[in-house]
Each structure stands twice: as structure tokens, then as C-alpha cells.
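Enquirer: Kindly generate the complete structure, drawing on both the sequences and the hints.
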Amino acid sequence: MIGLRNKTKLTSAPYIVWMAAFIIVPLAMIIFFAFTREDGTPTIDNIIGIGRWLRVFWNSFCLAFLSTAICLVIAYPMAYALSRSKVKKQRTLLVLITLPMWMSFLLKTYALMTLLEDTGIINNLLRMIGLGPYHMINTSGAVVFGMVYDFLPFMILPLYTVMIKIDHSLLEAADDLGANNRKTLMKIVLPLSLPGIISGITMVFVPSVSSFVISRFLGGSKIELIGDLIEYNFIQKHNPHIGSALSLILMIVILILMGIMNTFDDEEIGEMLI
Amino acid sequence: MVRFDGEIILNHINLSIKDKEFVTLLGPSGCGKTTTLRIIGGFLHPDEGRVFFCGEDITGKPPHLRPVNTVFQRYALFPHLNVYENIAFGLKIKKLDKEEIENRVMQMLEIVNLSGFEKRRVTQLSGGQQQRVAIARAMVNRPKVLLLDEPLGALDLKLRKEMQIELKDMQQSLETTFIYVTHDQEEALTMSDVVVVMNEGEILQEGKPTDIYNEPQNAFVADFIGESNIVNGIMHRDYCVEFAGKLHECEDKNFRPMQPVDVVIRPEDIRFAAPENAVLSGVVETVVFKGVHYEITVSAANLHWIIQSTRSANVGDEIGLRFGPGDIHIMKKMFEGTKTVVKGRVTAENTVEFLGISFKREALGIPAGTEVTVSIEPDSVELVSADRADMVVYLESLIYKGAYNEVILYTEESEIMAHTQLDEEVGTDVGIKFDFDKIDVKRN
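So the sequence lines, in the order shown, correspond to chains Y and B.
Using this note's numbering, the letters of the first sequence map in sequence onto residues 4 to 277.
Using this note's numbering, the letters of the second sequence map in sequence onto residues 525 to 968.
Keep in mind the hints are simulated off the structure, nothing from the lab.
Quick caveat: nothing in here was measured; it's all calculated off a predicted structure.
Glycine included, C-beta positions come from ideal geometry on N, C-alpha and C.
Please note that the accuracy of each hint is not assured.
Derived DSS-like pairs (lysine-lysine); straight-line CA-CA distance at most 30 Å [stated by the list, open to error]:
id, chain 1, residue 1, chain 2, residue 2
1, Y, 186, B, 619
2, Y, 168, B, 777
3, B, 685, Y, 186
4, B, 585, Y, 186
5, Y, 190, B, 777
6, Y, 190, B, 619
7, B, 622, Y, 190
8, Y, 92, B, 585
9, B, 616, Y, 186
10, Y, 89, B, 622
11, Y, 190, B, 616
12, Y, 168, B, 585
Output of the computed footprint for chain B on chain Y, the stretches with three or more beta carbons under 8 Å from beta carbons of chain B [said to hold, decoys possible]:
id, segment
13, 69-75
14, 191-198
Away from chain B, derived, C-beta distances all over 10 Å, residues of chain Y [what the hints assert, rightly or not]:
id, residue
15, 53
16, 86
17, 172
18, 173
19, 252
20, 258
Expert: Structure (C-alpha cells):
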């Protein structure tokens, strides 16, 4: 037993070193910078001063909520259909779904930019059938579209993982007991897929709310999100103190939201399905 | 009829079930019993054929519109609901008022002996308790017919016996038709009003448990239901059969003269006898104490006989065996004839082809291109591993005939009979090798 324990310790050593170097230390630095002035004296002005960017916070959360909701609506039926299809088909579809994840995130966002421009491919095509042009780039719609486009696989995968574990006989049992398809979905599939919904939301919402590339490329200078603000403070203004304060607050808000989310998660079901 | 991946799973199933009966579909795994149940439940749709309920055609109806409920093989309880919510599920769907639901659920919990468990999570229950929740969840809807798919399969022996009695009591007190699927013959005989024996997607016999046991229709049923001595015999005339080297009086008639038959004698019907009264005499080979009786194997007339007796014997004893005309059951053979006869062709000089394989025969004397008849004695077919095999075939049945196993093998074109000492599993693919020297080739 002792040998085994030592072995586990040894095998997890690289990760512990990694975690210390790239998670714990930077986190400590963020906290340090957030509560100090440029001369190193402690202060809470950085945190209090964030009040002026309340609008940016609000915007970021609204857009992230919206894109997460759209992802969920698109991914849920997809994941369900996927989990109930034949094994061979499942494999092919899974590859297709994960395919975009193999490509650079930056590249995809650039590609979207050229698609959505006023003289972009979409508008050109629309013109051919006598429509448009529509102004799409540099709107919050474009930003949401970009987020959905980039993060959709992260919603489908956790949902699919949970759904394939729902025993088919449970659906038959519900059918047998008088439930039609809609009722089976509401009373059996939905509650049993809750853990997947929660991890899907987490995996889409967190990167959406803190993203800055998408809003910069697709939102122009008009749509400013927290991510942009943090990047601006760190890189353009060389002010890690404000940047850190913003990061810290963002992190805390996300943690609170996730904490609330997880209270909906039924531990028992999670265990059952794992 | 039901096909799956082009293979026929069920064929010509014609079953009518009376109200308030306890009907058991019995058969080895893969015989189509669960498929039949799923068709009745509405989870499967037959390619051909109809399902009627009280005269109404319900073939196309989905499960939630059928007046039947199912107890699933592995219970399929909803893990996110507690015991009460699981049982109330069907009633809530039907939108019954709260008080009625509560009354019925509580009453049901009492019937299945789970009062006080309503708040428990189903994942915290033992196998037997989960099983009872599954029954309660189905029964609370007061279905006209309850379908049970091997519901006791996951329980240990003692609990299974208890549940058998509980289920039978429940069926009688609630006056519900039960259609029960099992591969356990004892379970079937204990609980059922009617037993339906199935194999290979077909119904072999249907009747009261006593009839099935006492008058099995063929060697498969006899072998599957209880222990049997099954040997080859020849029906000389009505009421007279030859087996174990002698003529015996029996109670069966209407066979062709000299028709090969299967002879079945139950182990409990064979008695010890003094040498002068004995029908057969032999030597005791093994004696095993089984609790209520001894199980004794005796070698007589070059055959092994299993005898169940309350009297013991010593290994090596010379003893006499006795049985009466009423103890001898004569059955038609599942395989017509005593050897395999197939069509063949002489493809080249001294080369014969049959069932897709060919062999050389010196001085055959039949010109190429001639159609021939190939006869294969059961002894010239050997069961071997697939890499040594001449062909791979499907093992349809295997019955111990006192000295060897008689196996019936399916190829795509024909059935082949073989004798072997090996115990292969029925329903699997096996390799066979022919002793070509012993194969008989005749011009048509």
C-alpha cells in the first residue's frame, strides 16, 4: 500500500510542479498586483475603481449568457440524436464535431471575419439573389455568432458523454408507463442529463465571458468586453494593477455563478452515471 | 415473423393467451422468448404478423398506448427518483389526483413488502428490493397484462425461490395475466399455468407444466425440461419399440413401421430390480448424493443411464433396472433418418463436391459432371477447432444419447447429423471435419 501511495505521488509530481509554476504563482501575483499601487504600497482603490466599468461587465455577461444559451439549444437535440444513433454513425459524427477543435481558434475567428464583412462572402452571395447587403461585422450579433461557432463542440461533448450513459431501458420503461416522447424527455432524459448540461454550460460560458479575440475581430472597437479591458490594461497601458483587479473580480464572479449552478447538480445522479 | 440483420429471429409464432393466466415463455438464451415479449410490449415491431388484444389489433400501437406494463430484465428503475416517485411515475403521467396516487402507491408498497421505503433512493436498495419496486411500478397501473422479462435472473437462489412464490401469490390475488420469460425450467414449472417451450424462434410445445414434463413432444423439450435418459430406438409396430438391444412394450402408436425414434425415460421412473425381474442389467458407475435422492449412473447395454433413487448403491455393483410401458416416452426424431444425405456432383475425375467442399476418391468410376447422392454417417463427422475444419457450421442442438452426444448442425444448404464425445455450446458456430474415406457416394 505504502509503495503504491509513493508511486502515485511520484507520478503526479510533474503535474504538481506544473500547477505550482503556472497556476498558483500567477494567481498569487494577480492577487498581489490587484491590492498594490505602482510603488508597491497596499491599496483597495484598484478594486473599488472597477465600478466605472460596470457596463463592460454587464455587456460581457449578457453576451456570454446569450451564446451559452444558443449553444445549449443547438447542442442538446444534437447530442441526444447522436447518443441514440448507431455506433458507427456516432463515431463519424463525433469526428465531424471535434474537427473544428483541431484548427487554430485564431484562424477560425479570422475566417469568420472575412465571411461577415460588408463585402464578405455572405453578403456577396446574398447580393446574387438580390438581398442585402446586411451589416453584420462589428455588431454584438457577430460577437455572439463567433462565440457560438467557436465553443459549440464544448457543449456537445459533455452532453453526449452523459447521454450515452442513460440506459435505453429507462426510456423504454417510461414509454411503457405511459409517457410519450415529450414527457420522457422532460421527466427522464432532462434530469438525467443535468450533469452534462452543467459542465457544458461551464465549458462554454467561462471562455465566452473572458474572451477578447472574438470581440476584437468581430466586434471591432465598438463592442468592449472584460477580456479586452484586461488585455488593454496589461499590454497597452502597462498597468498590471488594474488588469489584475479586473481579472480577480471576473474570476470571483464566475466562481460564484458556477457555485450556484452546481447546487442544481444532483450528486447521486452524477455518481450513478459515472 | 421478426428479422434482425437479415436473420430470422422469430418464425410462425402463434400464441394465444387467456385472461388471468400465468404464461411462461421458456427456452435457452437466443430462442426468441424476450423478442416475443418485446413485441407484446410494443418495443419491437414484427416484420410480418399481428398482435391482438381482446380482439383489437394493437400491432402498430406504441408502448405507452398499450394496456400492458413491463418488468424489465434489469429493472430499469429511474435513478433520479426515489422509491415513491418511481412507483407513482405512471399514475402521475395519467394525471390522477394526488390522494388517489398516494393511496395506490402505499397499497402497492404494502403488497411488495416495502412499506416505509418510500423516501429511499432506488440506488440504495438491494437487488431483491429493486426488483420489488420494479414490480410495484408496473402493477400500480393495474395493467391487463404484466410482462416480466427474467425478473429474478439477478437474484441469488434462496431469494429467487421466495420471490417465485410471492409473484405467484401476487398474480392470483390481483387477477392479472402474467407473461413471464425465463430460461430456468424449474421456475417455469413452479409458477406457470401454461408453459410455452421455445427454441430457435419457434414454439416447440405449449401446455400445462405437468403435460410438458410428462409428455414432452421431442427430445429437445425432454432434455430441456428436467433430466432425461434419451436413446435412439426403432418403432417396430404400434406399442412395440426396440432400444438397448431389446424389444420393449410401450404406449405409443401411429409411427411408420421401423421408424427411427427418440426414446425418453425419466431418471425417477427407472427402478432397481432383482436380476430375474430386470429389463436391463448393468454396472454402477457413479453415485452422487443429491439431498433428497441419489443420482446413480449405470452402464447397461453399452449406454449410460441416469437413475434417481432414494436407495444408494456401490460403484461396481451389478444391478438390474426396471421400467414399465408407461415410463417409456416415444418421440419423433428432430432429424429425419439416421444419417445425413445431401446432393453432390462429380466435378473432375475422382473428385466429388458437396456442400461447397470437395474431396478425392480413388477409382470412383463415375464420370465428371454426374449428379450424385452423398451419404454421411454420423460417426464420420468430427467436431474440431475452426482452423482445422473443413467447414464451419451452426450447432443447432446437442443431446446426450446414452453413449455419445447427438448433434444437429446447420449449414446454409443442409442439416448434418454427427455423433461426438465433445460438449460444445448449443447456438454457437463450430468447425467440422469429415472422414472422407467413410463417405458413401452413389450415382443418382
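Enquirer: Taken at face value, is the distance from the CA of residue 585 of chain B to the CA of residue 92 of chain Y at most 30 Å?
Expert: 28 Å, holds
Enquirer: For the pair supplied as a hint, residue 168 of chain Y and residue 585 of chain B, confirm whether the alpha-carbon distance does not exceed 30 Å.
Expert: Holds, at about 28 Å.
Enquirer: Holds or violated: residue 685 of chain B with residue 186 of chain Y, Cα cutoff 30 Å?
Expert: With Cα atoms ~37 Å apart, residue 685 of chain B and residue 186 of chain Y exceed 30 Å; violated.
Enquirer: Assess, step by step, whether the Cα of residue 585 of chain B is no farther than 30 Å from the Cα of residue 186 of chain Y, and give holds or violated.
Expert: 17 Å, holds
Enquirer: Does residue 190 of chain Y lie within 30 Å of residue 622 of chain B when you go C-alpha to C-alpha?
Expert: It holds: about 18 Å lies between the C-alpha atoms, which stays within 30 Å.
Enquirer: Has the segment 191-198 of chain Y got at least three residues whose CB is nearer than 8 Å to a CB belonging to chain B?
Expert: Result for this restraint: holds, n = 3.
Enquirer: Hint check: residue 616 of chain B vs residue 186 of chain Y, CA-CA at most 30 Å. Holds or violated?
Expert: With Cα atoms ~11 Å apart, residue 616 of chain B and residue 186 of chain Y stay inside 30 Å; holds.
Enquirer: Sort out whether residue 619 of chain B lies within 30 Å of residue 186 of chain Y, counting only the CA atoms.
Expert: Satisfied, since the Cα-Cα distance of roughly 12 Å is no more than 30 Å.
Enquirer: Verify this label for me: residue 53 of chain Y is non-interface relative to chain B, using a Cβ-Cβ cutoff of 10 Å.
Expert: About 41 Å separates residue 53 of chain Y from the closest Cβ of chain B, which puts it past 10 Å; holds.
Enquirer: Since residue 172 of chain Y was said not to touch the interface, does its Cβ keep a gap of more than 10 Å from each Cβ of chain B?
Expert: 4 Å, violated
Enquirer: Are residue 190 of chain Y and residue 616 of chain B close enough, with their CA atoms no more than 30 Å apart?
Expert: Distance ~11 Å between residue 190 of chain Y and residue 616 of chain B Cα, so the pair holds.
Enquirer: Compare the distance between the alpha carbons of residue 190 of chain Y and residue 777 of chain B with 30 Å, and conclude whether the hinted pair is satisfied.
Expert: 62 Å, violated
Hints 2, 3, 5, 10, 13, 17 and 18 from the earlier list are contradicted by this structure; the remaining hints agree with it.
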